[in-house]
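Chemist: Chain residues, written in single-letter form:
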Amino acid sequence: MSKKGYYGRWGGKFIPEVLHQTFEELEKAYQAARNDESFWQEYLELMSTYSCRPTPLTHAENLSKHFGGAQIYIKREDLNHTGAHKANNVMGQGLLVKRMGKTRVIAETGAGQHGVATATMAAKFGFECTIYMGEEDVMRQRPNVFWMEKMGATVVPVQDGSKTLKDAINEAFRDWVSNMDTTHYVFGTACGPSPFPEMVSWFQSIIGGEAAEQIVTQHGSLPKRIYACVGGGSNAMGIFGRFLKEDQTDLVGVEAGGYGLETGKHAARLCGVDASPGVAQGYKTMFLQNDDGQMRHTHSVSAGLDYVGVSPILSDLNDQGLVRFEAATDDEVMEALDLTMKKEGIIPALESAHAFVQAFKEAPTMDTKDAIIINMSGRGDKDIFTIANAFDDPSWKEFIIERGKTYSSS
Amino acid sequence: MSKKGYYGRWGGKFIPEVLHQTFEELEKAYQAARNDESFWQEYLELMSTYSCRPTPLTHAENLSKHFGGAQIYIKREDLNHTGAHKANNVMGQGLLVKRMGKTRVIAETGAGQHGVATATMAAKFGFECTIYMGEEDVMRQRPNVFWMEKMGATVVPVQDGSKTLKDAINEAFRDWVSNMDTTHYVFGTACGPSPFPEMVSWFQSIIGGEAAEQIVTQHGSLPKRIYACVGGGSNAMGIFGRFLKEDQTDLVGVEAGGYGLETGKHAARLCGVDASPGVAQGYKTMFLQNDDGQMRHTHSVSAGLDYVGVSPILSDLNDQGLVRFEAATDDEVMEALDLTMKKEGIIPALESAHAFVQAFKEAPTMDTKDAIIINMSGRGDKDIFTIANAFDDPSWKEFIIERGKTYSSS
Amino acid sequence: MQLEAYLKERKQQKEILLMTHIVLGYPSFDTNREVIKQMVDNGVDCIELQIPFSEPMADGPVILKANQDSISGGTTIKECLEFGAEMVRTYSIPFLYMTYFNIVFKYGEVEFISKAADSGIAGLIIPDLPPEEGDNFAEKARAQNVAPILIYAPTTSDQRMQELDKYGAGFIYCTARKGVTGKQSEFGADFFAYLARCRQATTKPLAVGFGIQSRNDVQEITGKADMAVVGSRTITLVDQEGSDKVGPFIRELLGN
Amino acid sequence: MQLEAYLKERKQQKEILLMTHIVLGYPSFDTNREVIKQMVDNGVDCIELQIPFSEPMADGPVILKANQDSISGGTTIKECLEFGAEMVRTYSIPFLYMTYFNIVFKYGEVEFISKAADSGIAGLIIPDLPPEEGDNFAEKARAQNVAPILIYAPTTSDQRMQELDKYGAGFIYCTARKGVTGKQSEFGADFFAYLARCRQATTKPLAVGFGIQSRNDVQEITGKADMAVVGSRTITLVDQEGSDKVGPFIRELLGN
Ligand SMILES: Cc1ncc(COP(=O)(O)O)c(C=O)c1O
Ligand SMILES: Cc1ncc(COP(=O)(O)O)c(C=O)c1O
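Chains as they are written, first to last, in my numbering: chain G, 1 to 410; chain B, 1 to 410; chain A, 1 to 256; chain F, 1 to 256.
Bear in mind the hints are in silico, worked out from the structure with no lab data behind them.
Do not take every clue at face value.
[Claimed, not checked] List of simulated lysine-lysine pairs, DSS-like, C-alpha gap at most 27 Å:
#1 G/405 to B/397
#2 G/28 to F/166
#3 F/183 to G/102
#4 F/178 to G/163
#5 B/4 to G/98
#6 G/102 to B/342
#7 B/102 to G/65
#8 A/183 to B/265
#9 B/342 to G/98
#10 A/183 to B/4
#11 B/163 to A/183
#12 B/102 to G/342
#13 G/405 to B/163
#14 B/397 to G/163
#15 F/183 to G/28
[Claimed, not checked] Partial pick of chain G residues on the chain F-facing surface, computed with a CB cut under 8 Å:
#16 14
#17 157
#18 160
#19 332
[Unchecked claim] The following residues of chain B were derived to be distant from chain A, with all beta-carbon distances above 10 Å:
#20 17
#21 18
#22 100
#23 101
#24 135
#25 136
#26 160
#27 166
#28 250
#29 291
#30 294
#31 335
#32 401
Glycine included, C-beta positions come from ideal geometry on N, C-alpha and C.
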């Protein structure tokens, strides 16, 4: 990685002048933390006492048998406190905020996971907290809003643009340029201006470090392939990082195929042909944009993958051929989710289920002695409103209708 | 504990003759497992790869400071797979079922946690699964029903009696007496006919074993007091067991005070004056019953504590003065829940919040050098329908009303 | 013992005996009276009076509902016991109490047995009280001439049958199958092998219950058991067609 | 440089200059024409034409909405560039493009600069393009006589101001405060100290923008800055009262 925060031709720091100083300080604090072993120790300590790291690596024996190929292992980021890998990044940044002496944090959130994680961290560290969330997402993800508020955060519904994640990011930047003296912007994924992509990946690298040890202990050798879903790219970077140097391990990032790549209604930036290089939200990467450079509406059944950009580090790994990118459609995702629940008693988040789809496609062709790891970035039970909806479950609908009536009449 | 499955004057095995043989076999399998070290090893292995044991012990620094007394530690059973301590018992019984060669499991569930845990275990082990759940609870806890069904279980709404937990237990027994050849009844708490109270406590003892090590490592000494909520008593037995021999550690069980002990609308069997010795659901303990011996309706904001009976082992420990019992009212519970979310970013289940209430009452009077442990039996985010309701959250209601309308019109 | 002797004597005159069952206070004590009258008048040999309990774990849906409706209608134990005494006074056939152990336990085991004995109740059926439990309950009952009715199930081993037999009196209640009351039973080869095992284990009369609903069922067990027990079916009949259909039903069952 | 020289010359004759701002295609190009005519006719010294971008991260609610409405109304970059060229042909004051870097990047940095130069555009304001980023963008622009307008913020250090100055041309855009466009600014002691720092760092004219909304605001900075920049306020005015209110508003601002 070059000095200016570039990864190959991607990355950079396209920020308004008013944030220049803030990023200098952030960069300094980040570098100091990286060079201070006690920081990582403190981080590990926090994650093992407040969250439950190391998270387990589960051998999915039933799924392995079902597909009759590779041994499928699942890295259980769903067991983190707040239910997803997002906690890793957020707690790490929390420690950094403490070091920088700031007293307030802000964050964007799409599905709400990163918002809940940030609100949680803020409560734990005693920071003030404001979460920006597209109005659409507020409406879709009310339970997460409820918890954020209960944790003491202010949730601001963003009414601009597509009223989703990217607009929440813009709005968070608008807050930041006004309040940078007291405030740190807890970016939720491995995107954004440098040093965010690298810093978020660093905190998330805790996943891959554990997984490498665990797979060797449990399976006896490194995995043949690793699958991770790719929204902004943080869980993927988290598990891939440690294995980049391992020739025998192929890394597969799975993007949201939505209704299918051919429909244009998806969020595939690195596979497919709809994305092109661009600069937005402070960094350069492959964006889903039109010929004028206006960002397009994306679609995915999973809010967390429904994003126009992608980690510049992943764009570079794509250029280098070090990570292969595939897409999973909404329908495939629901099928994989169903199978995983029934076979293993595990409920992947819709995001994570994308990684399962691709693993299920490839496992049967592999040797039963080979291991593959799926990074299960989060749990799906928080997303009941989306999942029950996606399954079009009639008794769920009836339940909600009844509840609604009760509330209407009281 | 006496040979006949008694704990002092409590316990026993009041079962229909048709189950005699089944219990003999269960007792044998259980004793064999207890005497076989490899069984516990297998259990530990399962719990550390499928769930995330050891679960952390979190030092709640903010709450400790807030109350200015004892150092408050929280044992994080919420971080178990499926979100509560129920997983410990269920996975343990799953291993036993495998040993017994049975192919089907049944279970009762109140709040749904035990049902979800059992359905999960059944999926993992490849068992058929039927869950009995009071119709009232089915209606209150639809999300859990949804997940159980998705995991492949059949959920049977029980329309008898008070349509809640105790009726689900009766119904599960009715299934069992018909299908004991293939079927194991996964009892969900430390109640029921012997050997269930002891067996469930044994599986749950994994909590206390970990906690004892952790508190010594983290705090430097054993805790002064330990708090656990008491429904059937399994999480309490789980954390208390290891400390019964420790004179310096006081054990406090917290029951559901509901609207207040004086109102009669509660579920306090061991504190308060409303319960009396009785025999039902296969065992002898203190029951909330009328003078004729008919069971009463109980009340608690938390479905998991809303039960007429209590572990016979706890009744005995109460007799012996080895555990002190207190009650927390619904209102106190909501307050403690609120404070814990805001101060620590942690969402206890409504059940668990009962333990927090009592700890918060006592912590301020204790020395800042002393440690106390609260057993956080589960996470509250699964209970959003109950919790948002209990907080009477207006935007939640609006959200549900809107959703209901959307579903009605489609 | 009184009950056993009575049954054995009756059996001399009949191919098979018939025990019927009612849930006390369901739908009302008055209806109970009417139903019992019809039963006695039409040749029933003894009657099981179920004292309702809120958690009737071994009962199927019909009896379960009857228990719960009776309790929510306000039925008390005191009323049940008075009603039992009244029936004993009124009719000459034996009456038994059937209930769950908590009713007995809460009343006091000794007090309950004494009360039953004083009322002239012939026996007690407590499905959730194996002889290992309770405070030597069976012994105390026998001591007061109230027969503790022990239960055999298809899952009961030969050895345990013999063991149970030692505690019991009056007759042995053989449940026709696994499961709870109320569902139709199939009387196949397994069932008859089981009944033969029962016969081997005890000299007491064998009553067969669980799922006997028709003349055909009664005929199936005639010659192999001493007494048929009819439970849920009468409750359903009274619910659906009224208490005066009970007499004809009993006659039909007995082939009269 | 052309723009800088023009501004310095104008400044000789006026106490303070005025730069106004419009969002291209919002509410329509026709309205843009009307508004610009009023601006020019009433003495505005130069005009910033914002090419809309879907993610205007440094803009407040008013300009943000204008960007988004313009895009969803179908505005294309091609139309914007044609419109810019038309304005340069029509009026004699300088026009600048303001936009976000992606618009330039996607068009091609070199191509964009050439196109602007060919159209006679005087300068480019790209708030998310610090001089460290892009492919020597500022240099390339200067080479084609299109002024890259650099931005100072209150958080910019003295040293960095001097550094930035080296890249820039035309004038320095001093944001009056932290935050985004559109909110009222307070001109207190801190602000004047900051402005003094700006003056120290550069010999280029100083434009002050962000939150200038009234004659009073303009007066506050007169004598300390060279040019006032009015953005959101005109958009709101046109939205609420129509484009013919722009002339009087400009006159009022300038105290004419
Ligand atoms: C569970 C889960 N997985 C994955 C993602 C995608 O983010 P990333 O690609 O940064 O891991 C999200 C984002 O919200 C998420 O919540
Ligand atoms: C989270 C949680 N805690 C506690 C309980 C009470 O059960 P026990 O007393 O057996 O721990 C339940 C029961 O459902 C529960 O779900």
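Chemist: With reference to the structure, classify each hint as holding or not holding.
Modeler: A quick look at each hint next to the structure:
For the hint pairing residue 405 of chain G with residue 397 of chain B, the CA-to-CA distance comes to about 10 Å; that is within 27 Å, so the pair holds. For the suggested pair residue 28 of chain G and residue 166 of chain F, the alpha carbons sit about 25 Å apart, so the restraint of at most 27 Å is met. A threshold of 27 Å between alpha carbons decides the hint, and for residue 183 of chain F with residue 102 of chain G the separation of about 24 Å falls inside it, so the pair holds. Straight-line distance between C-alpha atoms of residue 178 of chain F and residue 163 of chain G comes to about 25 Å, which keeps the hinted pair within the 27 Å bound.
Of the supplied pair hints, the one linking residue 4 of chain B and residue 98 of chain G is violated, its CA atoms being roughly 58 Å apart against a limit of 27 Å. A C-alpha spacing of about 19 Å is found between residue 102 of chain G and residue 342 of chain B, which places the hinted pair at or below 27 Å, so the restraint holds. The hinted pair formed by residue 102 of chain B and residue 65 of chain G meets the criterion: a straight-line CA distance of about 21 Å does not exceed 27 Å. Pair hint residue 183 of chain A plus residue 265 of chain B does not hold up; C-alpha atoms about 37 Å apart against a cutoff of 27 Å.
The hinted pair formed by residue 342 of chain B and residue 98 of chain G meets the criterion: a straight-line CA distance of about 18 Å does not exceed 27 Å. With a CA separation close to 33 Å, the supplied pair residue 183 of chain A and residue 4 of chain B exceeds the 27 Å bound. Restraint check: the Cα-Cα separation between residue 163 of chain B and residue 183 of chain A comes to about 22 Å, which is no more than 27 Å; the hinted pair holds. Between residue 102 of chain B and residue 342 of chain G the CA atoms are separated by roughly 19 Å; this keeps the pair inside 27 Å, and the hint holds.
As the CA atoms of residue 405 of chain G and residue 163 of chain B are separated by approximately 22 Å, the hinted pair is consistent with the 27 Å bound. The hinted pair formed by residue 397 of chain B and residue 163 of chain G meets the criterion: a straight-line CA distance of about 22 Å does not exceed 27 Å. Pair hint residue 183 of chain F plus residue 28 of chain G does not hold up; C-alpha atoms about 31 Å apart against a cutoff of 27 Å. For residue 14 of chain G, the shortest C-beta to C-beta distance to chain F is roughly 5 Å, which falls under 8 Å, so the interface hint holds.
Against a cut-off of 8 Å between C-beta atoms, the interface hint on residue 157 of chain G is violated, since the closest Cβ of chain F lies about 13 Å away. Proximity of residue 160 of chain G to chain F holds as hinted, the smallest CB-CB distance being about 6 Å (cut-off 8 Å). Below 8 Å, beta-carbon pairs count as interface contacts, and residue 332 of chain G has none with chain F, the closest being about 29 Å; its hint is therefore violated. With a least CB separation of 4 Å from chain A, residue 17 of chain B falls inside the 10 Å interface cut-off, contrary to its annotation.
Residue-level check failed: residue 18 of chain B sits 4 Å from the nearest beta carbon of chain A, not beyond 10 Å. For residue 100 of chain B, the requirement that its beta carbon stay farther than 10 Å from each beta carbon of chain A is met, with the minimum near 15 Å. Here residue 101 of chain B stays apart from chain A, with its beta-carbon at least about 17 Å from theirs, past the 10 Å limit. Consistency note on residue 135 of chain B: stated as away from chain A, and its beta-carbon is indeed over 10 Å from all of that chain's, at 14 Å minimum.
The Cβ of residue 136 of chain B lies farther than 10 Å from every Cβ of chain A, with a closest approach of about 15 Å, so its non-interface assignment holds. Consistency note on residue 160 of chain B: stated as away from chain A, yet its beta-carbon is not over 10 Å from all of that chain's, at 6 Å minimum. The non-interface label for residue 166 of chain B is inconsistent with chain A: the shortest C-beta to C-beta separation is roughly 7 Å, within 10 Å. Residue-level check passed: residue 250 of chain B sits 32 Å from the nearest beta carbon of chain A, beyond 10 Å.
Against chain A, the non-interface label of residue 291 of chain B is violated: not every CB pair exceeds 10 Å, the least being about 7 Å. Consistency note on residue 294 of chain B: stated as away from chain A, yet its beta-carbon is not over 10 Å from all of that chain's, at 4 Å minimum. Separation of residue 335 of chain B from chain A is adequate, the least Cβ-Cβ distance of about 34 Å exceeding the 10 Å criterion. Here residue 401 of chain B stays apart from chain A, with its beta-carbon at least about 34 Å from theirs, past the 10 Å limit.
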